[in-house]
Structures are given as C-alpha cells and as structure tokens.
Amino acid sequence: MLLFYLFGAIAAGASLLVVLGRNPMHSVLLLIVSFAALAGLYIGLDAPFAAVVQIIIYAGAIMVLFLFVVMLLNAHREDDAPGGAGRLAHGPLRLGAAVAVLLVAELAWALSRAARGGEAMLSTGPGADPAALQSVRSLGNVLFTEYSLAFEVTSILIIVAMVGAVVLARREA
Amino acid sequence: MIPTYVAQLGLVLAVFVMLLLSAAVMVYSERKVAAFIQQRYGPYLVGPRGLLQPIADVVKLMFKESLRPVAADKVIFILAPILSATAAFAAFAVVPFGAETTFFGLLEAPVKLQVADVNVAVLVVFAITSISVYGIVLAGWSSNSKYSLLGALRSASQMISYELSYGMALASVLVLAGSLSLTDIVNAQQGAWFGVIPRWFVFVQPLGFVIFMIAGVAETNRAPFDFPEAEQELVAGYHTEYSSTAFMMFFLAEYINMVTAAAVAADLFLGGWHGPFLPESLGWIWFLVKIAAILFFYIWMRWTLPRLRYDQLMQFGWKVLLPLAALNLIVTAAGVIYVGH
Amino acid sequence: MVPLGHYLILSAVLFATGTIGVFLRRNVITVLLSIEVMLNAVNLAFIAFGRTQGAVDGQVIMFFVVTVAAAEAAIGLALVIALFRHRESLNPDVFTSLKW
Chain H
1 MLLFYLFGAI AAGASLLVVL GRNPMHSVLL LIVSFAALAG LYIGLDAPFA AVVQIIIYAG
61 AIMVLFLFVV MLLNAHREDD APGGAGRLAH GPLRLGAAVA VLLVAELAWA LSRAARGGEA
121 MLSTGPGADP AALQSVRSLG NVLFTEYSLA FEVTSILIIV AMVGAVVLAR REA
Chain X
1001 MIPTYVAQLG LVLAVFVMLL LSAAVMVYSE RKVAAFIQQR YGPYLVGPRG LLQPIADVVK
1061 LMFKESLRPV AADKVIFILA PILSATAAFA AFAVVPFGAE TTFFGLLEAP VKLQVADVNV
1121 AVLVVFAITS ISVYGIVLAG WSSNSKYSLL GALRSASQMI SYELSYGMAL ASVLVLAGSL
1181 SLTDIVNAQQ GAWFGVIPRW FVFVQPLGFV IFMIAGVAET NRAPFDFPEA EQELVAGYHT
1241 EYSSTAFMMF FLAEYINMVT AAAVAADLFL GGWHGPFLPE SLGWIWFLVK IAAILFFYIW
1301 MRWTLPRLRY DQLMQFGWKV LLPLAALNLI VTAAGVIYVG H
Chain W
2001 MVPLGHYLIL SAVLFATGTI GVFLRRNVIT VLLSIEVMLN AVNLAFIAFG RTQGAVDGQV
2061 IMFFVVTVAA AEAAIGLALV IALFRHRESL NPDVFTSLKW
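Residue numbers (the numbering used here), protein chains in the order written: chain H, 1 to 173; chain X, 1001 to 1341; chain W, 2001 to 2100.
So that you can see chain H by itself, here it is in the shape it has in the complex (with noise of 0.2 Å):
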C-alpha cells in the first residue's frame, strides 16, 4: 500500500512536472521518472512483465528517441508564446486547471462505477492466481493465439511505421 502511493505520486508528480516545465530536455528525463514508477506500479499489480517490457520499450527506446531529436533540433530553449516569456499566461493556464480538475472528477465518477462491479480489493480478485498471471508462457499462449491477428497486425504497422519515418525525415534530395 505503501508502495502504490509512493509509486504513484512519483508517477504523477513527474508527468505535471512533464508538463508544465519549460525545458524540453528536462521534460524528456521526467518522463522517463514516470515511466520507472509506472513499472514499480506494475510489478505491484503482478505483472513484472509488462513493467520490464515498459522500461525496455518506452523508457529504452522511445525516450532515447525523443531525446536525439531534441538534441538535434536544439530544442532546449521553449519558443516563445507570443507576448509571454515561454511560460504559460495566466488565464489558459486558469482555465485549464479548470478543465483538467472537471475530467479528473467525471474520470473518477465514471470509473468508480464500473470498478464498484468488481470492488474486490486487487488481491483477492475473481481468479486471480497471481502465479498464472506472472506466467509469461500463458501469455504468450493468449498472445499468440487469441490475438493473434492484432499481432500481424501491429507488426505490418510498425514496417509502416519505420518506412514512413525514414522518408518524412529524409532531406529533399
């Protein structure tokens, strides 16, 4: 329990710091804080798996790939809103609290609705056999077979993916 609330305040505390702060490359790393902390949350949920797979994936290769490209595009200085100092003004940023404080509350209600049909603390939930769960080898078999054209699927589009990046990115000849 203890865990989950330093896990997760670190989690959220990072990703308002992602957004709010004004140097991208700081942005960057803050992410990859989350990210850590998101795979901490994981692991606590049973599923070790996926928290390694976060950190290979997300924190691994993604962040690595944001960070070349600020790098590279020299992105560590924020342009400048018009009339402000890069910061945010004063009244966007009222309204969005506003707006953000409003979705956090339908977010909770809505969710608190669907989660009051399965209250079950975590620990004791319906079949839950935390050994089964952190199996790989069951998820593979589920991965494999009854997703398996999503699995096709995504691999069509990451050779979509890589082809398209390599030609936006590519200098007029």
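In case anyone wonders, no lab produced these hints; they're calculated from the structure.
What you were told as hints is all true, and nothing was included just to trick you.
Below, a list of computed lysine to any residue pairs in the SDA-like style, where the Cα atoms sit at most 25 Å apart:
(1) X/1319 - H/64
(2) X/1146 - H/61
(3) X/1032 - X/1222
(4) X/1319 - H/170
(5) X/1319 - H/162
(6) X/1060 - X/1046
(7) X/1146 - X/1073
(8) X/1060 - X/1048
(9) X/1060 - X/1043
(10) X/1319 - H/65
(11) X/1146 - H/68
(12) X/1319 - H/61
(13) X/1319 - H/165
(14) X/1319 - H/169
(15) X/1146 - H/26
(16) X/1074 - X/1243
(17) X/1074 - H/22
(18) X/1319 - W/2070
(19) X/1146 - W/2089
(20) X/1146 - H/169
(21) X/1064 - X/1075
(22) X/1319 - X/1223
(23) X/1064 - X/1020
(24) X/1074 - H/71
(25) X/1146 - W/2084
(26) X/1060 - X/1021
(27) X/1064 - X/1051
(28) X/1032 - X/1056
(29) X/1074 - X/1062
(30) X/1319 - X/1153
(31) X/1319 - W/2071
(32) X/1146 - H/170
(33) X/1319 - H/171
(34) X/1319 - H/166
Residues on chain H that point at chain X, a partial pick, calculated with CB under 7 Å:
(35) 60
(36) 67
(37) 71
(38) 136
Beta carbons: idealized from backbone N, C-alpha and C, even for Gly.
Fit chains X and W to the supplied structure of chain H, relying on the hints for placement.
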C-alpha cells in the same frame, strides 16, 4: 544459526564489494595483459609486481581537480555519471552466481546466491542495459562540447543497434531453456552428454554464442567497437569534459558493464556454476573461472584487433549480425519444435 | 491491499495531466510527450482491470498500446523534424499556412 535476512543483506554487501574489487582487478589485468601482448612489462613499480596499481589509480583520480564547464547543464552533468554507475551495478542484482547454499551449515535455510530471484531476470538485465545508454547520452549532451556530443550520439546509436542482435541471441537461449529466469536457464544446463561433454548451450548454439559475445562487446563500447571513445579521433568522446570522481564513475561503469556482460554470458551459454570436480556448493568458483576466461578474451580482443570505423560498425550490426541472429532464432525454434528437447 | 479505485483515480489524474499538456503547450515536442503520458495512463488502467479479472488480457492489450505508441512517436518525431526544417520553429502556432 544466522537468520536468512542477515544472510541476504550480507549477500548484497558481498556482491557490491565483489563488483568493486573486480573493477580493480580488471584495471590491473588490462594493463598487464596489454603489456604482455605488446611485449613489454606493464606496471611493476607500485607494490609487488604492480599489484597495487589500481589503488594508485583510484587515489590519483580522486585527488584531481573536479572541473565543470560553465555552460554545462548542472543537474544533468552530475546526474549522468551517477546514472551510468548505478545502472552498471544494478544489472548484477539479478545474476545468480552459485547454487543454493547454506554456507557449510551456518544458515537456517539455504539461500540462493542471487540478490533477487525474479522470474523475468533475463529481461531485467536487458532493461537495465537499455537504461545505461542514457548515462552516455546525457554526459555527451550536458558537457556542451562538440566532441562529447558527437561521441555520445554515436555511442547511443551503436548501443541501440546492437541491442537488437543481443536480444535475439538471448531469445534463442530462451527458446532452448523455456524460461526467463536465469536460475532455471543455468539449471537446464546440468549434466553432460556421454558423461564427457557438458550440456552447455554454447555447444548447442555456437552461432548464438558468437553473436552474443560480439553484441556484448559492442554494448559495452569496447574495442573493436569503441569508436565513440576513440582516443585518437575524438579526444575522449563523451567523457571528455569530466575529471576526477565523475570520470572514475564512468571508468568503473564501463568495467562493471563488462563484468555483468561476461557473467550473463557465462550463465546463459557456459553453464553458470556447473563444473566437474567440485561439489555444487562451491560452484561459484567455476563461475569466477568462466567470467575470468571471458574477460581475458575481451582484453585480448581490444589489444589485437583494429578499431572499426563508425559506418562499418553500423553496417556490420544491421546488415550482418541482425540477419544472422534472426536466422539463428528461427533455426533454434524449428529445431526445438521438431526434435522436441 | 490496494483497491481498484485507487489505480483508476491515478490513471484519471495522469490522463487529465496529459490532456492539459496537449492543449496548453506551445512546443510540439512537449505536446508529443503529453500524448505519451496519456497513453501511459491508459496502460495503467488496462493492467489494473486485467488484474481484477484475473486474466492476462490486460497485459496483452498493454503491449499493443505500447507498440502503437512507439510507432506513433516515431512518425510524430519525423514530422517534427520535417516541419522544423521548413520553418525553423517548434511552436505549433507558427504553422498557419493552411488557414483561411
């Protein structure tokens, strides 16, 4: 009787100290072996046969002036070597180096010689290796110097490219062993065929072992893949602007990464702590012997082979190593299905 | 132990944070980062629900979300590079040539 948690704390401490000592041993042996390859003596003044040379190096590095370029990003500049060193140490936390042992009956219950027995241990090592890329990239960026930045970008792209082949060679072993836990993989290599040839995966997967070793050398930025820290071309690459303690951390991180890569290779391909003539509880001695052999091979490669140029390095990684690794994986998977190990 | 509602509230908070980032930031890279924050919030919800059901489906869907996020980040960043080459700016307000 020593309670188990004390033993586990002691294990953590022992692993930490062992890693530090191994870095010191690596510093000394690299210089001695290099010297013998180059037909000279190497360090012999400090201590008997130069054995205290690493201590002299550490003392020198700690007393140097600690510099920081003015335009460097303060937080990231200090964070980068810490991240490198931490990732290097952390990767060893899931590597088992011996069978369950009770230390000659001193403990209440047998304790595994592994700091944390996670059942996805292989992937944890892989994940922490991915994190160590950041130490390098951030060091290069925050130094605000073109040599550092170039070295860092090259190093990062090299490490990411070779991670793919590393992962696929690893996956071939997983297919053979059927489990992601390093302890299970080592235990799958027990016994011997015809009583003579041990059941190590290196005999079943020779190509996989070669790919893994090459990718490991590239991952740890060692010659012949050390273009990013090429002493002759780039001053010193991503750690140009660092001195004193921070430099020592990078130094340390590199050697400990090598030790971890050697340990993982020994676990995956060379049968971990299994070996003839010794009882199981002393298996860690065999483990150390295997790591020493792999590390000797690393040092030998560095001082024998010429350095690959950056584009040659990337072409090799993508056009040669990756297809070979994929082919190896497919053949292994087919073999397992049709032969049914 | 931790009730499901706690995880869902955390997911909602992260999602709202990401949404605000997408709306309010004047730097395209930070906008992409906020999108990643939102996707992570969704991942957390998936895994929490999967755990409640006692099935691995939550983790499987999370992998697909991660993969799609990777593809989208790659393309998004390629677009950012192409745009930057055109106008030398990372402020989305600068790219107004299609407006009437």
